[in-house]
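Chemist: Sequences listed follow chains A and B, in order. In terms of full-length UniProt numbering, the first sequence opens at residue 1 and continues consecutively. In terms of full-length UniProt numbering, the second sequence opens at residue 1 and continues consecutively.
Simulated from the structure, these hints should not be mistaken for lab results. What you are looking at is a predicted structure, and each value in this text was computed from that prediction instead of being measured. Please note that a few of the clues may not be correct.
Which copy is meant is left open, because identical chains are indistinguishable; a pair holds if it fits in one copy or across any two.
Derived lysine-lysine pairs resembling DSSO-like cross-links, with alpha carbons at most 27 Å apart [said to hold, decoys possible]:
1. Lys62 <-> Lys260
2. Lys106 <-> Lys260
3. Lys149 <-> Lys62
4. Lys149 <-> Lys106
5. Lys62 <-> Lys106
Number of protein chains: 2
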Amino acid sequence: MNGAESLVKTLLASGVDTCFANPGTSEMHFVAALDDHPDMNCILCLFEGGVSGAADGYFRMKGDVSATLLHLAPGFGNAFGNTHNARKAGSGMVHVVGNHAGRHMKYESPLRGDVPGVAGAVSHWVRESADATDVAADGAAAIRAARSKNGQIATLILPADTAWEAGSAPLVAEPAPAPDRPSAAQVEAAAAALTQPGAILYIGRGAMFGPARRLAGQIAAHTGARLMADTFFARAERGAGTPVMGQLPYPVPPKMEMLKDATQIICVGNNRPVAFFAYPDRPSLPEPPTARVHELCDPQMDAPWTIQALAQALDIPADAPFNAQPLALPDAPTGAVTLEKVGASLAHYLPENAIVMNESITSSFVVMPPTVGARPHDLLTGTGGSIGICLPCATGAAVAAPDRKVLALTGDGSAMYTLQSLWTMAREQLDVTVVVFANRGYQILHGELNDVGAGQPGRNAARMFDIVEPQLDWVSLARGHGVPATRADTMEAFNKALADGFASDGPSLIELVCP
Amino acid sequence: MNGAESLVKTLLASGVDTCFANPGTSEMHFVAALDDHPDMNCILCLFEGGVSGAADGYFRMKGDVSATLLHLAPGFGNAFGNTHNARKAGSGMVHVVGNHAGRHMKYESPLRGDVPGVAGAVSHWVRESADATDVAADGAAAIRAARSKNGQIATLILPADTAWEAGSAPLVAEPAPAPDRPSAAQVEAAAAALTQPGAILYIGRGAMFGPARRLAGQIAAHTGARLMADTFFARAERGAGTPVMGQLPYPVPPKMEMLKDATQIICVGNNRPVAFFAYPDRPSLPEPPTARVHELCDPQMDAPWTIQALAQALDIPADAPFNAQPLALPDAPTGAVTLEKVGASLAHYLPENAIVMNESITSSFVVMPPTVGARPHDLLTGTGGSIGICLPCATGAAVAAPDRKVLALTGDGSAMYTLQSLWTMAREQLDVTVVVFANRGYQILHGELNDVGAGQPGRNAARMFDIVEPQLDWVSLARGHGVPATRADTMEAFNKALADGFASDGPSLIELVCP
Numbered sequence: 001m002n003g004a005e006s007l008v009k010t011l012l013a014s015g016v017d018t019c020f021a022n023p024g025t026s027e028m029h030f031v032a033a034l035d036d037h038p039d040m041n042c043i044l045c046l047f048e049g050g051v052s053g054a055a056d057g058y059f060r061m062k063g064d065v066s067a068t069l070l071h072l073a074p075g076f077g078n079a080f081g082n083t084h085n086a087r088k089a090g091s092g093m094v095h096v097v098g099n100h101a102g103r104h105m106k107y108e109s110p111l112r113g114d115v116p117g118v119a120g121a122v123s124h125w126v127r128e129s130a131d132a133t134d135v136a137a138d139g140a141a142a143i144r145a146a147r148s149k150n151g152q153i154a155t156l157i158l159p160a161d162t163a164w165e166a167g168s169a170p171l172v173a174e175p176a177p178a179p180d181r182p183s184a185a186q187v188e189a190a191a192a193a194l195t196q197p198g199a200i201l202y203i204g205r206g207a208m209f210g211p212a213r214r215l216a217g218q219i220a221a222h223t224g225a226r227l228m229a230d231t232f233f234a235r236a237e238r239g240a241g242t243p244v245m246g247q248l249p250y251p252v253p254p255k256m257e258m259l260k261d262a263t264q265i266i267c268v269g270n271n272r273p274v275a276f277f278a279y280p281d282r283p284s285l286p287e288p289p290t291a292r293v294h295e296l297c298d299p300q301m302d303a304p305w306t307i308q309a310l311a312q313a314l315d316i317p318a319d320a321p322f323n324a325q326p327l328a329l330p331d332a333p334t335g336a337v338t339l340e341k342v343g344a345s346l347a348h349y350l351p352e353n354a355i356v357m358n359e360s361i362t363s364s365f366v367v368m369p370p371t372v373g374a375r376p377h378d379l380l381t382g383t384g385g386s387i388g389i390c391l392p393c394a395t396g397a398a399v400a401a402p403d404r405k406v407l408a409l410t411g412d413g414s415a416m417y418t419l420q421s422l423w424t425m426a427r428e429q430l431d432v433t434v435v436v437f438a439n440r441g442y443q444i445l446h447g448e449l450n451d452v453g454a455g456q457p458g459r460n461a462a463r464m465f466d467i468v469e470p471q472l473d474w475v476s477l478a479r480g481h482g483v484p485a486t487r488a489d490t491m492e493a494f495n496k497a498l499a500d501g502f503a504s505d506g507p508s509l510i511e512l513v514c515p
Numbered sequence: 001m002n003g004a005e006s007l008v009k010t011l012l013a014s015g016v017d018t019c020f021a022n023p024g025t026s027e028m029h030f031v032a033a034l035d036d037h038p039d040m041n042c043i044l045c046l047f048e049g050g051v052s053g054a055a056d057g058y059f060r061m062k063g064d065v066s067a068t069l070l071h072l073a074p075g076f077g078n079a080f081g082n083t084h085n086a087r088k089a090g091s092g093m094v095h096v097v098g099n100h101a102g103r104h105m106k107y108e109s110p111l112r113g114d115v116p117g118v119a120g121a122v123s124h125w126v127r128e129s130a131d132a133t134d135v136a137a138d139g140a141a142a143i144r145a146a147r148s149k150n151g152q153i154a155t156l157i158l159p160a161d162t163a164w165e166a167g168s169a170p171l172v173a174e175p176a177p178a179p180d181r182p183s184a185a186q187v188e189a190a191a192a193a194l195t196q197p198g199a200i201l202y203i204g205r206g207a208m209f210g211p212a213r214r215l216a217g218q219i220a221a222h223t224g225a226r227l228m229a230d231t232f233f234a235r236a237e238r239g240a241g242t243p244v245m246g247q248l249p250y251p252v253p254p255k256m257e258m259l260k261d262a263t264q265i266i267c268v269g270n271n272r273p274v275a276f277f278a279y280p281d282r283p284s285l286p287e288p289p290t291a292r293v294h295e296l297c298d299p300q301m302d303a304p305w306t307i308q309a310l311a312q313a314l315d316i317p318a319d320a321p322f323n324a325q326p327l328a329l330p331d332a333p334t335g336a337v338t339l340e341k342v343g344a345s346l347a348h349y350l351p352e353n354a355i356v357m358n359e360s361i362t363s364s365f366v367v368m369p370p371t372v373g374a375r376p377h378d379l380l381t382g383t384g385g386s387i388g389i390c391l392p393c394a395t396g397a398a399v400a401a402p403d404r405k406v407l408a409l410t411g412d413g414s415a416m417y418t419l420q421s422l423w424t425m426a427r428e429q430l431d432v433t434v435v436v437f438a439n440r441g442y443q444i445l446h447g448e449l450n451d452v453g454a455g456q457p458g459r460n461a462a463r464m465f466d467i468v469e470p471q472l473d474w475v476s477l478a479r480g481h482g483v484p485a486t487r488a489d490t491m492e493a494f495n496k497a498l499a500d501g502f503a504s505d506g507p508s509l510i511e512l513v514c515p
């Protein structure tokens, strides 16, 4: 058994059975080993940003790691942006990156590069196997690292000779250590703070879905605290029946406004609130200086346990009430397209138990609020601010949850970053309905240019913000990737395309011509 | 004047007047400054791999640096692959990367990342401005670094507050230091070696075009040495009238065969020959152990001066003859498509003074040889083994040389990596004819799997090598980006599309259905 085989067997023995891949020559023995193990589900992405983004979406819905296969330093570089997003989502993954054989590294070959350097800039854990006999143990350590602290980026670098030389027997990865928990004193203090007027229970990660989410709603109802989430998050249960939860807006002034009466902010599964960007005359921290921020349980700690501990400290009975989101299904609007109507239409048609991946950026500020009372669903958002996560993440989510409908909402600028994922959706016949908000540019930058006080756009700015001359034709782009598509410029057309998308089993795309 | 303005003025004052860009919020003040300076030619790319690849192509044809505009760590990550390729091509560029304001970096915001880490893994020079008053001087230093040693990757990281706060007066970058030269003794020894039987003059970079290339041919003719180049190179003059030059093949066995009689290998503008990858039973160094390798002038040294010095040491008169490539224009073939016929067709139609960017990988081994006697042209190739350089590099080359026809030859797997560059070609109405060799997969990997002794592909390997189910439709993909396209599955159709492409002024794409 060579090193590559020892790794594949270690992955499978450890329960890692999905591999998003774009391999090259330095990974050939790994490919051969995968070939001998058809129980490993290998999914080709035509660009590595699709690989890392899919591994992110997979983790968010599966709650466990997949492997990836990347080709040397540039391959990791191509995966960097969505690995950054995955890191911010707290998604674990095992990146397997080939490198040159050790003896080859002393010569200036075309693909010699700094794999540990580029990987180290975004990974929580990096190791380069020194010998083929180490690969099984290193692989097991990588899996354990990827599963630690609720999910981490673990990168295992395999010099080609460690793949082709004789390896050791495969191993089973040891269980990841339990994530850290706050002390009893910290929980007591936070519980007391929650009962103060102006308290906010500010949740993220594992407090956003499942039993912890319901319990968080019960805590809020019991204490009178506001239940809130960040603007962007990895995964949240949403829609009818879920505990009502506020969400911080993206721009700084309304964010400050929403927090202006806050006295106590108890963070569970979340870092403290912070502005997305810094601006010349605005603070980085949006809460009033008088508010006390309890960094009780950061995203790498045990949020479900912490919520449970708070509920116990507050003596909340199991059947305590919470403020449940009522079902609100608007009629499907007709006529000219507006973003408000699109939101109503989404709320009307969204099937129960759908997964919604939203990276529609500016459009979402208007589109998403009407969907809060839709049938219950999971909502995923871009977490790291690196655009191009929507299509890959939706791909990975659909692989992880093949029995669920996936709706991918994306701006046109964002979708262009990783449009190659459309092909993977077609190849795997994933049940994804993609809506591209074709507003012909990076609309958020118009607002940002104004917000930094940099004035109105002139020719150079307009040419960098606006995707016009020529316009993108998303129907052709989708068809080129093997995904059926339609253009919608009325609500009737949008409604029909959306209903058709949800009714069909494979992928489809709607180019929504919108303001 | 804020820091951003001081940088834009420094760039312009230093002769850097082209900026390939995909900006974000942290670069808004830089965008505003660009807006005030319409003499800066800002070119939007819809993905950062298009940005760095265009800067590469621009440098190769212009011989000078452009600036780029990238958005924090993920933006640099997206540009990483083609920055790697540019580094291997010896192309200089000034990457300007925004970062969070210093005061914002202590909080875990979505876009906080390790910009110096990812940049440092591929840049020759990295600096993060500490203060707005440093930006002009840091910018001038970056430009000088990018122009040093024949071209380097210089990355200037600008925290947002250094862009918006008051800066210093703009500066003019000091001239780059002259590149190093070999000693007189080294030149003498190399000149003597060139007269030995079995000598090879192995050239790259600045010895591949212009007067040095002709002189290298005269040296070869005078000494009897073989004139040779590497498999992949940044830029070479080629076609009728250029000195005949051999080229190392990609696979190791024929590379060893071509070098088996070598006794002296004199490297000028080149590193020593090396296998592209390591393989279990093949050496990294392809020459026989008895050959002496003279590492006379590495790619960062002064190749034109070294060639001149060798000619002087050998007393070669200015009008010495050289072995010139004869013009060989085959008839345009008809009938079924074969790669041999495609090569003949390219040779038939290629206009004089065209720029050919070739990343057709496996196809090129058959397609390119018949074009060696075509009308004189410049040939650019992928230099770093990171696929996806063709379309961006052709874009940058066309921007640098707007009066020349550009032919971009690319495999389908490679083109998918950075297909967004098609839109920039359409936006800028660049005179590029793109040929996509639609052989439906990463054909090179089939050969590599065999070459590493890993056996025949099974289901998992085939699903990672073959881009089928569904097939890509390049005509739709191109149209989606605003580029007119045709599919050619006969030589007649290919010939017509190619002639039409060269006859028109804007971009066009041919999907060549080929074996």
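Chemist: Now, for every hint given, state plainly whether the structure supports it.
Modeler: We went through each hint and held it up to the structure:
1. When the C-alpha separation of Lys62 and Lys260 is checked against a cutoff of 27 Å, the pair qualifies neither within a copy, at 37 Å, nor between copies, at 55 Å.
2. In the homo-oligomer, the alpha carbons of Lys106 and Lys260 lie at most 27 Å apart only across protomers (22 Å), although the nearest pairing inside one protomer, at 59 Å, exceeds that limit.
3. When the C-alpha separation of Lys149 and Lys62 is checked against a cutoff of 27 Å, the pair qualifies only within one copy, where the shortest distance is 16 Å, while the shortest distance between copies is 50 Å.
4. In this assembly of identical chains, Lys149 and Lys106 lie within 27 Å of each other by CA distance solely across copies; the values are 21 Å between and 37 Å within a copy.
5. In this assembly of identical chains, the alpha carbons of Lys62 and Lys106 never lie at most 27 Å apart, being 41 Å within a copy and 32 Å across copies at closest.
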